[in-house]
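Read top to bottom, the protein sequences are chains A and B.
The numbers in the numbering used here rise by one with no breaks, and the one at position 154 of the first sequence is 154.
Numbers in the numbering used here are just positions in the second sequence, counted from 1, shifted up by 1000.
Note that these hints are calculated values from the structure, not bench results.
Misleading hints may appear alongside valid ones.
Just the calculated beta-carbon pair ranges, DEER-fashion [as the list claims (entries may be wrong)]:
(1) Gln1155(B) x Thr118(A): 45 to 51 Å
(2) Val132(A) x Thr1025(B): 36 to 42 Å
(3) Gly153(A) x Gly1014(B): 19 to 25 Å
(4) Tyr1029(B) x Ala21(A): 21 to 27 Å
Note that the coordinates shown come from a computational prediction; the quantities given were computed from them, not determined experimentally.
Positions of the beta carbon are idealized from the N, C-alpha and C atoms, including for glycine.
2 protein chains.
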Amino acid sequence: MDYGLFFVYLIACGAAAATGALFPTGAWYMALKKPVWNPPNWVFPVAWMSLYLLMSAAAARAATFEGASLGLALWSVQIAFNTLWTPVFFGLKRMRAALVPMAGLWLSVTATCLVFFTLDFWAGLMFVPYVVWVTVAGALNLALVQLNPEVAGGQTA
Amino acid sequence: MDYGLFFVYLIACGAAAATGALFPTGAWYMALKKPVWNPPNWVFPVAWMSLYLLMSAAAARAATFEGASLGLALWSVQIAFNTLWTPVFFGLKRMRAALVPMAGLWLSVTATCLVFFTLDFWAGLMFVPYVVWVTVAGALNLALVQLNPEVAGGQTA
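For reference, chain A alone in the conformation it holds in the complex (with noise of 0.2 Å):
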């Protein structure tokens, strides 16, 4: 693994991060019914953190393989709809509306995790834990659309 990459890369990680601590969940959120396998609040800054950290180092560590260019190019696709996302959903509010970048988010993890395998199975590996993740963040938020209708299409309180 290159140190320096993984630097860079944590930069961008930081860039969607930022997200979280500038559209926070609010009382509106908070008022909506949720699955019943909804994970606790807690659980969610713990899992991207650890996800950031994960998906900078495999980013870092497929960097030194050869023909890295496709993996590292979806990689930039999935940082700019993670960044997208959360300005979505608890920006606008718009929960039907984040189904869209939710949907480009776990396409393109889905695909860096694919293509970061064939270039080295531990760099692959660390993208597993995201696409598990991406994975049941859709499915909450589809949950959410489904739950709440008469809100998911935004609100302004």
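Let chain A serve as the given structure and place chain B on it in line with the hints.
For chain B alone, kept in the frame of chain A given last:
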């Protein structure tokens, strides 16, 4: 240039570009005091569309050269800051806070441009208009904060 990579990078730009549609300028922005050198409104989408094409082409070209990892990692950083800035400025209307992602964007765009130049003249050159534009955008963000200090911290209207 690798056209497959160009397309993948363009998808990342699409996520960034979506912020322009999701967090549009509103009456509050129109009412701000502007510097005399403020570009006309139509310039912004034209400039961004051109820059998204250029930055994707630059990355797809840079990726074909040996030792492109650092430049491509920096490209990931800039697209994340690019996606972050609009929701902070136009979504939260926090013009002063938006100077932080703007600084991150300027630094990462300039660094990407410099590193691309070390790989290939044309890849670097395709990033020069982006450096120029982000310098203008950063100066405009700063001027708007200085000209409208009473609302630069955010407003609810």
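Structure-based check of each hint:
1. Gln1155(B) x Thr118(A): 45 to 51 Å: holds (49 Å)
2. Val132(A) x Thr1025(B): 36 to 42 Å: Holds, at about 39 Å.
3. Gly153(A) x Gly1014(B): 19 to 25 Å: The hinted range 19 to 25 Å holds for glycine 153(A) and glycine 1014(B), with Cβ atoms some 22 Å apart.
4. Tyr1029(B) x Ala21(A): 21 to 27 Å: holds (23 Å)
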